[in-house]
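Q: This is what each chain is made of:
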Amino acid sequence: MDRSEIENRIKNLLVSELGLDESRVSAEATFEEDLEVDSLGVVELLMALEDEFGVKIPDEEAEEIGTVGEAVDVVEAKLAG
Amino acid sequence: MTKVALVTGGSGGIGRAVALELAARGNRVAVNYYVGFAEAAAEVLEEIGSAGGEGVTVQADVSDPQDVAQMFATVTEQLGPVDILVNNAGITRDGLLLRMETDDWDAVLSTNLRSVYLCSKAALRPMVRSRWGRIVSISSVAGLSGNVGQANYAASKAGVVGFTKSVAKEVGSRGVTVNAIAPGFIDTDMTRKLPDEVRDAASGSIALGRFGLPREVASAVGYLASEDAAYITGQVLVVDGGMAL
Chain F
0 MDRSEIENRI
10 KNLLVSELGL
20 DESRVSAEAT
30 FEEDLEVDSL
40 GVVELLMALE
50 DEFGVKIPDE
60 EAEEIGTVGE
70 AVDVVEAKLA
80 G
Chain L
0 MTKVALVTGG
10 SGGIGRAVAL
20 ELAARGNRVA
30 VNYYVGFAEA
40 AAEVLEEIGS
50 AGGEGVTVQA
60 DVSDPQDVAQ
70 MFATVTEQLG
80 PVDILVNNAG
90 ITRDGLLLRM
100 ETDDWDAVLS
110 TNLRSVYLCS
120 KAALRPMVRS
130 RWGRIVSISS
140 VAGLSGNVGQ
150 ANYAASKAGV
160 VGFTKSVAKE
170 VGSRGVTVNA
180 IAPGFIDTDM
190 TRKLPDEVRD
200 AASGSIALGR
210 FGLPREVASA
220 VGYLASEDAA
230 YITGQVLVVD
240 GGMAL
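Protein sequences, first through last, are from chains F and L. Read in numbering that gives the first Met the number 0, the first sequence has 7 at position 8, and its numbers run on one by one without any break. Read in numbering that gives the first Met the number 0, the second sequence has 239 at position 240, and its numbers run on one by one without any break.
There's no promise every hint is true.
Listed next, the stretches of chain L that the computed footprint assigns to chain F, with coverage defined by at least 3 CB atoms under 8 Å from CB atoms of chain F [what the hints assert, rightly or not]: (1) 120-130; (2) 166-173.
Sample of chain F residues with no beta-carbon within 12 Å of chain L, all distances over it, derived [said to hold, decoys possible]: (3) 3; (4) 46; (5) 50; (6) 65.
No lab work stands behind these hints, which were simulated from the structure alone. Just so you know, even glycine gets a beta-carbon here, dropped at the ideal spot from N, CA and C.
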């Protein structure tokens, strides 16, 4: 799976799972400030990512996810093994 | 709109009455039971069916993570995702603390509190996702006031209260309410084990002058699990006939 596909699937999840407006979701967008996702929303996102990509994201790695692009980074690294 | 309800320990006592109440309110009900109570659970299901309701029975030790995961998978497959969870399963192993065995402490905490953690966690995800859910846990007046011979039971039931208030805050923004009921003396097998003098003394301390009926607790659960209680969360509703401990 290449990076752009991962990014697209994550953007789709953000729209379908968190009900975010597609036009606001960019790679640079921060979850907390730009997208106004609360702490439970971040947990929802992590669970959705784990299901979507079949990966396990431990808390310490999850903490590094601040933007949509960083979520893509983490998933990409996981899939690369 | 019909919802899916899961009642832990639904084969007897308060759990049985709760299962019947939720079915009467039009919910499809999964009646959980512990090994050895299959017949009693089947009778509850039969009663639900003869009243025109729908449901299933599902065996699980609700203090065991694998059993709980299996139970939720089964219920979800047969009825759909759980919308209403009633954490009812509970046991007593009474004795004065100075004589209490560690096994009696662990057994009560596992069945009464660990189960609430395991089942609520399993139920929450689909609830959060669908932006609707009800968790109602059966606590006890013993958890609020303490009771001689019940340090383990009271600790587990007080734990349910703290759990309820915390989780209510965590998931309130997603339309999920989390509440507890604290029954007083209810006429069930659990209280029938009490010595007569304890029962008599208890009755004397109850304003209504009698033990409660399981269905009188169940109706309160039914209310908290309904749409009518949408703005109530993090609460402990005491159903004790007006008791002064």
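Q: It remains to establish, for every hint, whether it holds in the given structure.
A: Hint-by-hint comparison with the structure:
1. 120-130: This one holds; 3 residues, not fewer than the three required, reach chain F with a Cβ under 8 Å.
2. 166-173: It holds, with 4 qualifying residues against the three required.
3. 3: 27 Å, holds
4. 46: 7 Å, violated
5. 50: 10 Å, violated
6. 65: 21 Å, holds
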